[in-house]
Amino acid sequence: MNMRHRNSAWLIALTVFGSAGYLLLADCDPRLLEIVGLSLFVSLSALCIGTLLGLPLGAWLAVSRFPGRTALVVALNALMGLPSVVVGVLVYLALSRSGPLGSFGLLYSPTAMVIAQSALVLPLIAAVARQIIEDAWQEYAPEFSLIGIGRLHAVGLLLADCRFSLTVATLAGLGRAMSEVGAVMIVGGNIEGYTRVMTTAIALETSKGDLALSILLGCVLMTIILGLNVIAHALRTWASRRYG
Amino acid sequence: MAHRFRSLILVLGLLLGAAQAGETLLVASTTSTEQSGLFGWLLPKFEQATGIKVRVVAVGTGQALDIGRRGDADALLVHDHAAEESFVAEGFGSYRKDVMYNDFVLIGPRSDAAGVRAAANASSALRAIARSGLPFVSRGDRSGTHTAELRLWKDSGVDPKTLAGYKETGSGMGPTLNMAAATGAYTLSDRATWFAFRNRRDLDVLRAGDPLLFNPYGVIPVNRARHPHVKKEAAERFAQWLTAPTGQQAIASFRADGQQVFFPNAKK
Amino acid sequence: MFPLRISGLCCQPNGRIVLDGLDLELSGEGISVILGANGSGKTLLLRLLAGLLPADGGTIRWGGAARPDGRLAMVFQQPMMLRLSVHANVEFALHPQGLSAAERNARTNHVLARVGLAHRAGDCARLLSGGERQRLALARAWAMRPRLLLLDEPTASLDPSATEAVERIIREIRTDGAKILMSTHNLGQATRLADDVVFLADGRVQEHESAQRFFARPQSAAARAFMQGELPWRIAFDH
Chain A
153 MNMRHRNSAW
163 LIALTVFGSA
173 GYLLLADCDP
183 RLLEIVGLSL
193 FVSLSALCIG
203 TLLGLPLGAW
213 LAVSRFPGRT
223 ALVVALNALM
233 GLPSVVVGVL
243 VYLALSRSGP
253 LGSFGLLYSP
263 TAMVIAQSAL
273 VLPLIAAVAR
283 QIIEDAWQEY
293 APEFSLIGIG
303 RLHAVGLLLA
313 DCRFSLTVAT
323 LAGLGRAMSE
333 VGAVMIVGGN
343 IEGYTRVMTT
353 AIALETSKGD
363 LALSILLGCV
373 LMTIILGLNV
383 IAHALRTWAS
393 RRYG
Chain B
419 MAHRFRSLIL
429 VLGLLLGAAQ
439 AGETLLVAST
449 TSTEQSGLFG
459 WLLPKFEQAT
469 GIKVRVVAVG
479 TGQALDIGRR
489 GDADALLVHD
499 HAAEESFVAE
509 GFGSYRKDVM
519 YNDFVLIGPR
529 SDAAGVRAAA
539 NASSALRAIA
549 RSGLPFVSRG
559 DRSGTHTAEL
569 RLWKDSGVDP
579 KTLAGYKETG
589 SGMGPTLNMA
599 AATGAYTLSD
609 RATWFAFRNR
619 RDLDVLRAGD
629 PLLFNPYGVI
639 PVNRARHPHV
649 KKEAAERFAQ
659 WLTAPTGQQA
669 IASFRADGQQ
679 VFFPNAKK
Chain C
21 MFPLRISGLC
31 CQPNGRIVLD
41 GLDLELSGEG
51 ISVILGANGS
61 GKTLLLRLLA
71 GLLPADGGTI
81 RWGGAARPDG
91 RLAMVFQQPM
101 MLRLSVHANV
111 EFALHPQGLS
121 AAERNARTNH
131 VLARVGLAHR
141 AGDCARLLSG
151 GERQRLALAR
161 AWAMRPRLLL
171 LDEPTASLDP
181 SATEAVERII
191 REIRTDGAKI
201 LMSTHNLGQA
211 TRLADDVVFL
221 ADGRVQEHES
231 AQRFFARPQS
241 AAARAFMQGE
251 LPWRIAFDH
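Protein chains in written order, with our numbering: chain A, 153 to 396; chain B, 419 to 686; chain C, 21 to 259.
If we strip away everything but chain A, and leave its shape as in the complex, we get (with noise of 0.2 Å):
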């Protein structure tokens, strides 16, 4: 298959995925485009935190070496298995008023969706991270050691180097943020004008027996997913023309 029947199945899908959510957007009341507004914003706003916490950690994890790592490394490889629901209760736990964090006041706020989903997206991004700088390391480590790069700068060198590999990282983060319901309507509380997001959105339409606009909106949360792994891959593409 090459470039251009890869591109035009892209644009297909997108045609048939954007224009259900077309119908949808342009029919149905603004409401929906204030929770299609909070889903973006509360999933890259996860999604920042988790990248700009989880590349480090992941970049620090490939080149360090102690005992154990090894532990550490399965762990976060498990923690990619993190279900949403259990990370939504602890989220929870912690932010209520009887929790460790309660005086904030912030559960049932978009700040506690972000919250639970950073912790959900970190790990992910983290381990993905992890492996794909510690084979990039692997072959680096011998001219690093000769030159005497040491290990701070490393870390940046290889988080630079791989950038375009760990765009499939924040893709895989950007997933599971958009996708997920368990922790958001646990944090969020799904309170209508304030914390409902596409996924909760859906689970309460589908509570309430209406499968159609469940399934309406489905298709417009995965035209955005879509979209953005469109933008993405476009522009990985453009990257690697440009930088090899």
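Since the hints were derived computationally from the structure, they do not count as laboratory data. Ideal Cβ placement from N, Cα and C applies to all residues, glycine included. Incorrect hints may have been included.
Claimed, not checked - Covered by chain C, according to a simulated footprint, are these stretches of chain A (three or more residues, beta-carbon under 8 Å):
1. 224-231
2. 281-294
3. 312-319
Said to hold, decoys possible - Just so you have them, the derived chain A footprint on chain B, three or more residues with Cβ under 8 Å:
4. 469-476
5. 488-494
6. 586-592
7. 609-617
As the list claims (entries may be wrong) - DMTMM-like cross-link-like pairs, simulated, lysine to aspartate or glutamate; straight-line CA separation at most 25 Å:
8. B:Lys463 <-> A:Glu186
9. B:Lys649 <-> A:Glu344
10. B:Lys471 <-> A:Glu344
11. B:Lys585 <-> A:Asp362
Given the coordinates of chain A, assemble chains B and C onto it according to the supplied hints.
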């Protein structure tokens, strides 16, 4: 990088600020009130009258009481009279006021092979279901509906746990109704959720209006003595508005699927 | 740091004996070329000198000391190309030397000009051709101003003109005062560059002679056989 981080903090800060600006009230309530659309009908009127914005977390009554116990809500609107009384007695709520009632309805396949329609009352209807061996789905989630259902089984003298066809969904009313619709099972629902429910398939109301199926809702402001941060004044205004004539009229005028599903019953 | 004395060096990576009691002494000037068949341990010897792996026996003394007191650089057969600009691929290697940003920049520009890559300073290193990559790797090593430069098959897969450019750079680095120890397959390159030749076979140095004498008449039987195998090609190239 540092710049990006700073703007992120800025955005989060704005968000925090937005969350605290203006008076907002957090009410933990049940899925029945939220999903039937009652809150969508009442809250704009309340906000117009008082300027207080209400945010509703809709969960089962058991969980709503738990949220109140932890101090994560300012007021509750729930339907499990006994549990509500003990919530207030334990000091978590300032007081409880009757707001409205609706009733539970026994839902099942139109063919009604168990003969629920012909039964003398609700508890003998449950006995009929038990005898028939037909499936019955239960919420199983400590919600008001769930405790009402358990009370009904106790009345009927049948231990539902012994029935082969008895399934606990462990989820809200909607998912439970979806399951009943998909498997042709009997279930107990509150009237409001049922009338707002869209995926009915072959299900229908088989019994309604039974005194045993009475379902009262109460409002409770969370006690400031327990949780100093709760918005006492706003919560009490909410309770007062709901039980005052304006609120009661608003409840009476609400329609789900063309039907009145909640009946105001605040004491004068 | 010099003379570099290696005695009884043994190494058996993965259980296979490659170096088996190797003795060698190198002075601090000129270009020493290591010749030997595939698998004779040329690369392994360079890596041992670079300290990238431990020996299984024997000693390496740097002017009497256990560690080199001058800077050491190495260019690998497949040099590392970070997905960064050509300029950045040189500049990062100067960080550990504690130079100021201005000095790092000046040195980088200087070596890039000397290897003929100044016009590509802003391009991504991964987009360079094989010859350009090798020149960039040499520039990186050169910028570090090493006392000893180890080169592992620096022209292994290059065409003649790229090979010539690399050889010119190697001579210039020697002129700058670095000792160069390089391995190669290319006998023609050895005749062009070598001041002295180290011939490896059976895990030992079979012969260490000045280039003139080695190419005039190798002393060891193994070296003669090696030369004969390569000779027809060498004549064709030289004429």
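Structure-based check of all given hints:
Only when three residues or more bring their CB closer than 8 Å to a CB of chain C does the claim for the segment 224-231 of chain A stand; here the count is 0, and the claim is violated. Counting residues of the segment 281-294 of chain A whose CB lies closer than 8 Å to any CB of chain C gives 3, so the stated coverage by that chain holds, three being the minimum. Proximity of the segment 312-319 of chain A to chain C, defined as three or more residues with a beta carbon under 8 Å from a beta carbon of that chain, is established by the 5 residues found. Chain A is given as covering the segment 469-476 of chain B, and this holds because 4 residues of the stretch bring a CB closer than 8 Å to a CB of that chain, at least three being needed.
Taking a C-beta to C-beta cut-off of 8 Å, the segment 488-494 of chain B contributes 3 residues in contact with chain A, enough for the three needed, and the coverage statement holds. With 4 residues carrying a beta carbon less than 8 Å from a beta carbon of chain A, the segment 586-592 of chain B meets the three-residue requirement, and the given coverage holds. With 4 residues having a beta carbon nearer than 8 Å to a beta carbon of chain A, the segment 609-617 of chain B meets the requirement of three or more and the stated coverage holds. Between Lys463 of chain B and Glu186 of chain A, the direct Cα distance comes to roughly 22 Å. Compliance with the 25 Å bound is thereby established for this hinted pair.
This hinted pair checks out: Lys649 of chain B and Glu344 of chain A have alpha carbons roughly 20 Å apart, not beyond 25 Å. Proposed proximity of Lys471 of chain B and Glu344 of chain A is supported: the alpha carbons are some 11 Å apart, at most 25 Å. Distance check on the hinted pair: Lys585 of chain B and Asp362 of chain A sit about 23 Å apart at the alpha-carbon level, within 25 Å; holds.
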